[in-house]
Amino acid sequence: MSSADLAHGRDLASEGKLAPERDGPRDTGLDDDSLDRWLARTWQTAPGIIGALSTVDHKIVARRYLITAFVFLCLGGLNAVAMRVQLSGPERGLIGPDLYNQLFTMHGVTMMFLFAVPIVQASGIYLVPLMVGTRNIAFPRLVAFSFWIFLSGGMFAWVSFALNMAPDVGWFAYVPLSGPEFGPGKRADVWAQMITYTEVSALAVAVATIVTVLKQRAPGMSLDKIPLYVWAMLVTSFVVVFAMPAVMIASTFLILDRLVGTHIFNPAEGGDALLFQHLFWFFGHPEVYIIFLPATGMVSSIIAAFARRPVFGYLGLVLSLIAVGFLSFGLWVHHMFTTGLPKLGASFFTASSMLIAIPNGLQIFCWLATLWDGRPIIRTPLLFVFGFFFIFVAGGLTGVMLASVPLDLQVHDTYFVVAHFHYVLIGGSVFPLLGAAYFWFPKITGRMMNERLGRWHFWLAFIGFNAAFFPMHIVGIWGMPRRVYTYPAELGWGDINLFITAGAVVLFVSFALFTINLVHSALRGAPAGNNPWNAGTLDWATSSPPASYNFARIPVVTHVEPLWAERGTLPVATGLRVDARELVISTVAEAHPDVREKSPTPSIWPLFAALAVGGTFLYSIFSPWAVVWGAGPIAITLVGWFWPRGSAEDEE
Amino acid sequence: MNRGLPLLVFAMLAIAGCQREERDTRPLSALGSGEQPTPVTALAPGGERPSPSNNKAAAFEANAFHLSQGKRLFNWFNCSGCHANGGGGMGPALMDEKWIYGGSIESIHATIRDGRPNGMPSFRNRVPNDQIWELAAFVRSLSGKVPSSAAPGRDDDMMVHPSENRLPNAATLGKSP
Amino acid sequence: MRRLVWVMCGAASILLLSGCSGWQSALDPKGPAAGELAWLIWFFTALCTVVWLLVMTVLLMTLIRRARPIGDPLVLDATSERHKTRIVFAALGATAVILIGLTLLSFFANRTLAAIGSDAALTIRVTGHQWWWEVRYENSQPNRILTTANEIHIPAGEPVRFILTSTDVIHSFWVPNLAGKLDLIPGHENVLDLKADKPGVYRGQCAEFCGAQHANMSTFVIAEPRPVFEAWLNDQLRPAVPPASPEAKAGHDLFLKRPCVMCHKIGGTIAGGTVAPDLTHVASRQTLAAGTLAMSRGNLAAWIADPQGIKPGAHMPVVDLNGDELNAIVAYLEGLR
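Protein chains in written order, with the numbering used here: chain Z, 1 to 652; chain L, 1 to 177; chain H, 1 to 337.
FYI, nobody ran anything at the bench for these hints, they're computed from the structure. Source: prediction; values computed, not measured. Among the clues, some could well be false.
[Stated by the list, open to error] From chain Z, some residues computed to sit far from chain H (all C-beta separations above 12 Å):
#1 588
#2 623
#3 633
#4 638
[As the list claims (entries may be wrong)] Partial list, computed: chain Z residues near chain H (C-beta under 10 Å):
#5 100
#6 101
#7 183
#8 267
#9 271
#10 354
#11 389
#12 400
#13 405
#14 410
#15 482
#16 487
Built from N, CA and C at the ideal position, the CB exists for glycine as well.
The whole structure should be built from the sequences, with the hints applied where relevant.
This is the structure:
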């Protein structure tokens, strides 16, 4: 920003919004160069390994999150390829049932808990503070802690796999199969505690995201000017907060039954096996919206940038996000239609499952209306959005089919369902995420991704995906159940399964191409400017990659697409100290600047706390005493984390 | 050295994990039946008899899968008819530290296979040898002689005693202050 | 875009082919319940395809249409915006109408399914085990209660009531040609009514993941004309036929001396195990090991000699038998018709 910006600027201190403070230099009078020097010194991540481990910079933590989640995506993909090779023909003997059951469980667990949820949250950690115009995420130490927990949870699961003790009970681990009598060894315990690790980390990020969105928005960004992506992350985070506890209860009950000998799921002593399914799916259905809603935000961002107009029906889209968030808690029973529930009750869940198609339909219509006006240039991010439409709409419609109780009785737990949820999850979430990767890669690295490779990637992924998953609808209706490690030749499923495997290999190759593109572009890509797509949201106002302090001066927002509303220059707010990490805290609805608040400094303690918590979880699969012995180290690390540093906290 | 240490730790973990978690449904069947003669000496029937170390014992003793299979067979073959879920009835209790014919897995295996005087029948041809090993391994877990990380959890049934992975080691019970 | 058309054509042709595939296909109904459901599947599929094609057409049009180049992204044409608002609302209304229609349709289909078994004369209790099905024909006279395994004979053209439960983990009973699936849950009893219109052999398979051998847990429903069914039932109620040849006699003796007797039942002998399939009339069944192998002397021998090679993880153990012993037992079992 040039010094001309100051002409538009509002000096928050002189407006009386932020009371002046005697000590410490402020950005009000500084010229750009010395301001940058001051802020860089204040916000930098210390060099060296200790500095790297203590960092609280949301961009660095998010980058780690993204890379780790991508590694898990590759591992989960390898699982899938191994399964597809085994299923490529009838009665193949490459992989026995013991390993196969571990493979599909690890595939599900990895994709859901170690890839999908972390990667959408990591995107939020990176983008939300940039989009709302603040210098760091709220509770950055908590976010750093959450990354270490996520990393140790993922390693815990995969080391177990390497040790032949990975869970083999499916990603939803129904009791009694995962219970103490039928699940010997530590395999189901690994599932239960892996859930705990990932849910703790997801909850931590959700809380940080909610507070960032509600309290740290740039002055002027009232609720009706929040970018749609940020709205999506806000709703997602609330869904996380309300959904995750249910599955933590389920997994804790399970580990209590297994380890302590409680009878929560034991019908002979008054427990009930179906209780587990209710608890699991009360989380499990919102879970798919946790993965899907952020992707809709990404689609909105990409469409707005390429159609060169604000998204049509902003209010409708926001309301449909909120509606989806609420409704997602009212339809878990459609995963349980075959358990013999009362017919009338089940029909109610048919109605509620159908109902959620309405807000999702509204989103699709609004995006189409936005594109209608545009004269889009077809670049890779937009290609992936088109792929999203093609695939997700089909998956949504098969979802409508599954919502019908009688129809579900035939296709439940068959490959039809496998096809359906890959259509909605890969189509609805992974394709937008890939589009987002091409879209925001220049912001994260400062370099453009290779367009030619990108197009190859898209077409291979698109064709491979449809070749792999479309035939699954058919083979499912032909009667092929899920989770079978083999099938007899007489049933005539051989050819179509071979075709599916070929499609899966093409899909895998496309991801190899993507990986090459990522590495190649990060090293040799064409330099990108601050705003290569001429997009309108605040994330494009920063340099690429953004400086450690994101914004030298906090922007003032007057429109939902501020960069389009203010040609070239942005009004800014001044008055923050430059020798300490200060943020503007604004009011929830109108985003009036309220107080200046210190943002936490780097600390090694979140890492130690994560080690203590992770060690406790690990020990707890062996003994319930873990929660007792683990409490000590956790308390010590938390004392270190929250030790008062003697600096003034709030300045009114 | 710096790089070797984690590798070593990993390898040790792997060995420890594999032994507990391996699910071999045809254990050692290719290596023959692993028969051992039962010692027919009348000396010290209650004492621990020196036994040639046997890879059967190692493969079954602390393996979670085999222990759970042993538990299933214990119910299926109605061992409780005499031993009453390990508490003892017509037959001796299996949950205490008293072993008339020895508490090693080899001794229990021999007891089940060949029978003992005063009521214990021989299951030599009635139960396949590997299943006898599974039963023997499970019987040891009733008195807490098996690592709790491998011992079975509770049954989906009426509770008759704490689950095997929560049972105290009978040998140390009552001896500590 | 050409590639897109190719993919669509390919998908459509696969869909067309799907009508003619069969043994375990939900689209090849052989009973009223499955017929209702197949109709529902076709209707939903057709409607969803139309909706999908409409959305894709609009998407294509946004691409093909050459909209005016946009100068200022924030200057929007008010009439065009209003126009679009109306269209979006209309589309939303249409969506709602379609969804309400589908909800009502599935509600009434549900009622049709519920009406099938209201006058069922025959009740069959199916109990799930890892990894086989215990089948018990209920009767008010205790000596007319029949217990068998894996193959379910029913009279054709009559509604039959199935009571489904499990003794270990959750399984799901699913014979796609006849009806939708229903779970077998320990501690619960579910009721499934179905009817086969015509005599025939219908394959079913466990549809809820139940452990190592979930893939090899199938069942056969064999619908027969009433007299044939009655004859079969009376035949099955008799104790096992005594061994005919000396070899079979030797097999009979071995069966009772060897581990077989610990788990299996053979009516009329001292073998009374209940934890494994009843073998009283095993040779009258068409398959072995819950539909894994066709019934034949060779397959019987293979299954007894190496069950863990055929169904790794199944509860049938490897039993130490020499060749003669194996032959004798197979000869005996082969005679159990």
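Tested hints:
{"no.": "1", "hint": "588", "verdict": "holds, 26 Å"}
{"no.": "2", "hint": "623", "verdict": "holds, 26 Å"}
{"no.": "3", "hint": "633", "verdict": "holds, 38 Å"}
{"no.": "4", "hint": "638", "verdict": "holds, 40 Å"}
{"no.": "5", "hint": "100", "verdict": "holds, 9 Å"}
{"no.": "6", "hint": "101", "verdict": "holds, 7 Å"}
{"no.": "7", "hint": "183", "verdict": "holds, 9 Å"}
{"no.": "8", "hint": "267", "verdict": "holds, 3 Å"}
{"no.": "9", "hint": "271", "verdict": "holds, 8 Å"}
{"no.": "10", "hint": "354", "verdict": "holds, 4 Å"}
{"no.": "11", "hint": "389", "verdict": "holds, 5 Å"}
{"no.": "12", "hint": "400", "verdict": "holds, 7 Å"}
{"no.": "13", "hint": "405", "verdict": "holds, 6 Å"}
{"no.": "14", "hint": "410", "verdict": "holds, 4 Å"}
{"no.": "15", "hint": "482", "verdict": "holds, 7 Å"}
{"no.": "16", "hint": "487", "verdict": "holds, 7 Å"}
Of the hints listed earlier, there is not a single one the structure fails to meet.
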